[in-house]
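Enquirer: Hey, can you work out the whole structure from these sequences and the hints?
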Amino acid sequence: DAGVTQSPTHLIKTRGQQVTLRCSPKSGHDTVSWYQQALGQGPQFIFQYYEEEERQRGNFPDRFSGHQFPNYSSELNVNALLLGDSALYLCASSGGLRGQLNTEAFFGQGTRLTVV
Amino acid sequence: GDSVTQMEGPVTLSEEAFLTINCTYTATGYPSLFWYVQYPGEGLQLLLKATKADDKGSNKGFEATYRKETTSFHLEKGSVQVSDSAVYFCALLNSGGSYIPTFGRGTSLIVHP
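Going line by line, the protein sequences match chains C and A.
Residue 86 in the numbering used here sits at position 5 of the first sequence, and the numbers go up by one each step.
Residue 23 in the numbering used here sits at position 16 of the second sequence, and the numbers go up by one each step.
Be careful, since some hints might not be right.
Short derived list, chain C residues pointing at chain A, Cβ under 8 angstroms [stated by the list, open to error]:
id, residue
1, T86
2, H110
3, S114
4, G123
5, P124
6, Q129
7, L171
8, A186
9, F187
10, Q190
11, G191
By construction, these hints were calculated from the structure, which means they are not laboratory data.
Heads up, the beta-carbon is just placed ideally off N, CA and C, and yes, glycines get one too.
Expert: Right under this line is the structure:
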C-alpha cells in the first residue's frame, strides 16, 4: 500500500503566480482533505473533497480552490500567490467503503511551498 | 465548537526519562481522539488512537487513555529515546460533527543523549 502520496515535494514560486499541488489518497479512501501548516503551527484545514465535491471549507480565501477526480485523487490550486502562502501543504485521506466517514486521517509527506 | 489544547513546548528530556504531554479537549458528543507525530521535514503520522471513553491507545511504547470525566488524552512514554524527538499533535474527530479533525497546536519534544 503506497499510502498518501503528494507531488511535488518542494516548490518555489514568485509572488502573484499560480500553483497546483497534487495528492493521491491511500488505497480504499475516498475523502481527501487539504491543510496548510505554517512553520511552528498545527495544520489549518483548507477544504475537504468527497464524491468529487467540496464538502467542507475552512477559513481560506477563494484564491484557494481544489478538485477531486473520479479516482479520488485531488488537486489544490492557489492563485495570486502571496508571501504568506509559504507553508507546508498537507493532504490527508480518510473514509472508505460504503461511505464510512468517521475514520482517522492518513497524511502525505506534504509539499513545501516557498513564495519569493 | 470543538477544540484541543496541548501543553506548550518545547519539552526537553534526557534519554530514558518519562514523558507526559498533556492534551485536553472540548467537544460535543463522543469524539474519537488521536495523537499524531511529525518528524522534521515530514508530514504527520498517526501514532495512536482511542474511540471511546476509557479506551487506551498504544503504539511504539507510547500510551494515551481516553478520560471522558476529565476530557483528557495525555500522551505518555516510560522511557524516551533520541529518535522520539519530534512534534506531537493531539487531535479529535467528532462523529456528530463535520468529520474534519481538529488539531492542537503541537508540542515539540527534544530528547538529549
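Enquirer: Could you run down the list of hints and mark each one as holding or not?
Expert: Each hint tested on the structure:
1. T86: violated, 11 angstroms
2. H110: Hint on H110(C): violated, closest Cβ of chain A at ~13 angstroms, above 8 angstroms.
3. S114: holds, 7 angstroms
4. G123: Holds - the Cβ of G123(C) comes within 8 angstroms of chain A, reaching about 4 angstroms at its closest.
5. P124: holds, 5 angstroms
6. Q129: holds, 6 angstroms
7. L171: Holds: closest Cβ of chain A sits about 5 angstroms from L171(C), inside 8 angstroms.
8. A186: holds, 6 angstroms
9. F187: holds, 7 angstroms
10. Q190: holds, 4 angstroms
11. G191: holds, 4 angstroms
Violated hints for the displayed structure, listed by number in ascending order: 1, 2.
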